[in-house]
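*Asks:* For the protein sequence lines, the chains are F and H, in the order given. Residues in the first sequence are numbered consecutively from 1, following this note's numbering. Residues in the second sequence are numbered consecutively from 86, following this note's numbering.
Mixed in with the good hints, there may be bad ones.
Claimed, not checked - Under the rule of at most 20 Å between Cα atoms (straight-line distance), these lysine to aspartate or glutamate pairs were calculated in the DMTMM-like manner:
#1 F:Lys-53 to H:Asp-92
#2 H:Lys-117 to H:Asp-92
#3 F:Lys-24 to H:Glu-206
#4 F:Lys-24 to F:Asp-63
#5 F:Lys-53 to H:Glu-215
#6 F:Lys-24 to F:Glu-65
#7 F:Lys-24 to H:Asp-92
Keep in mind that the hints were calculated from the coordinates and are not lab data.
Here is how the chains run, residue by residue.
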Amino acid sequence: MSVESATGQPIASVVTEYLATELKIAADGIGGTDVLRDLPGADSMKMLRVVSKLERKWDVEFDDEAIFAVKTVDELVALVERSVG
Amino acid sequence: MTAVGEDIELPWHAEPSFNCFGCSPHNPIGLKLRLHRSPEGGYACETTFSADYASYPGIVHGGIVHVLLDEVMGDALALECGMLAFSVTLRSKMLMPLRVGLPYLTTARITGRGNGVLHTEADITGPDGEIHVMAGGTFQPIRSDQARGLMELDEAAFGRVRHYFDHGTGES
Chain F
1 MSVESATGQP IASVVTEYLA TELKIAADGI GGTDVLRDLP GADSMKMLRV
51 VSKLERKWDV EFDDEAIFAV KTVDELVALV ERSVG
Chain H
86 MTAVGEDIEL PWHAEPSFNC FGCSPHNPIG LKLRLHRSPE GGYACETTFS
136 ADYASYPGIV HGGIVHVLLD EVMGDALALE CGMLAFSVTL RSKMLMPLRV
186 GLPYLTTARI TGRGNGVLHT EADITGPDGE IHVMAGGTFQ PIRSDQARGL
236 MELDEAAFGR VRHYFDHGTG ES
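All chains should be built: construct the whole structure from the sequences, respecting the hints.
*Replies:* Right under this line is the structure:
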């Protein structure tokens, strides 16, 4: 079973939606195994902004080293799930 | 109530003993920050830092950036709730450096309350419209015994400002 946000939306879909909004790309073009830094228009500042928005959404604070260890979309989803769960 | 966009006269500036580094217009080495109500809700502050506040050449010092965040979040709380509060926790993501000589807009709002604390958020946006800093703060309302013990107020001054203290956080 997937972990859900307070609104019932699966965490993976929130992560994808935030990435799509930040990078101005289509959400359905983002896959779980995609490498974050290789997504169109991605840079470290934009990725950190997505991370900050995710922290705000669930009122959590990710470990800095864990943030910088994240390479793929799935790993970012897993980071949120570990913090929320 | 002050209109959206108009500078707010912070009511505690009338108290001579208040010499806040962030907001007092009387502190000669302070930032003299001015707030206005934001059209999006909450409060906002426009700031341009000179090279006096630099860290690396041309870059605003991170400590000064945190004074700005702390001040605008704390003032938003004071204006919205009529209480003074101590910051307990400040968290920030410094996404991009702030440049000396460029105008930045800091916005702050209250996002929650419970278990004796209030939660706030603030963002600093650059002239390019990009968010440079995202921050969150947790604040604890100041009790009158703390104010008496820490603020060195005489009886008359305490009487003038005591309405700012001993507020609950409104949780049910």
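*Asks:* Indicate, hint by hint, whether the structure satisfies it.
*Replies:* Here is how each hint holds up against the structure:
{"no.": "1", "hint": "F:Lys-53 to H:Asp-92", "result": "violated, 29 Å"}
{"no.": "2", "hint": "H:Lys-117 to H:Asp-92", "result": "holds, 12 Å"}
{"no.": "3", "hint": "F:Lys-24 to H:Glu-206", "result": "violated, 24 Å"}
{"no.": "4", "hint": "F:Lys-24 to F:Asp-63", "result": "violated, 27 Å"}
{"no.": "5", "hint": "F:Lys-53 to H:Glu-215", "result": "holds, 14 Å"}
{"no.": "6", "hint": "F:Lys-24 to F:Glu-65", "result": "violated, 27 Å"}
{"no.": "7", "hint": "F:Lys-24 to H:Asp-92", "result": "violated, 35 Å"}
Going down the numbered hints, you'll see the structure goes against 1, 3, 4, 6, 7, while the others check out.
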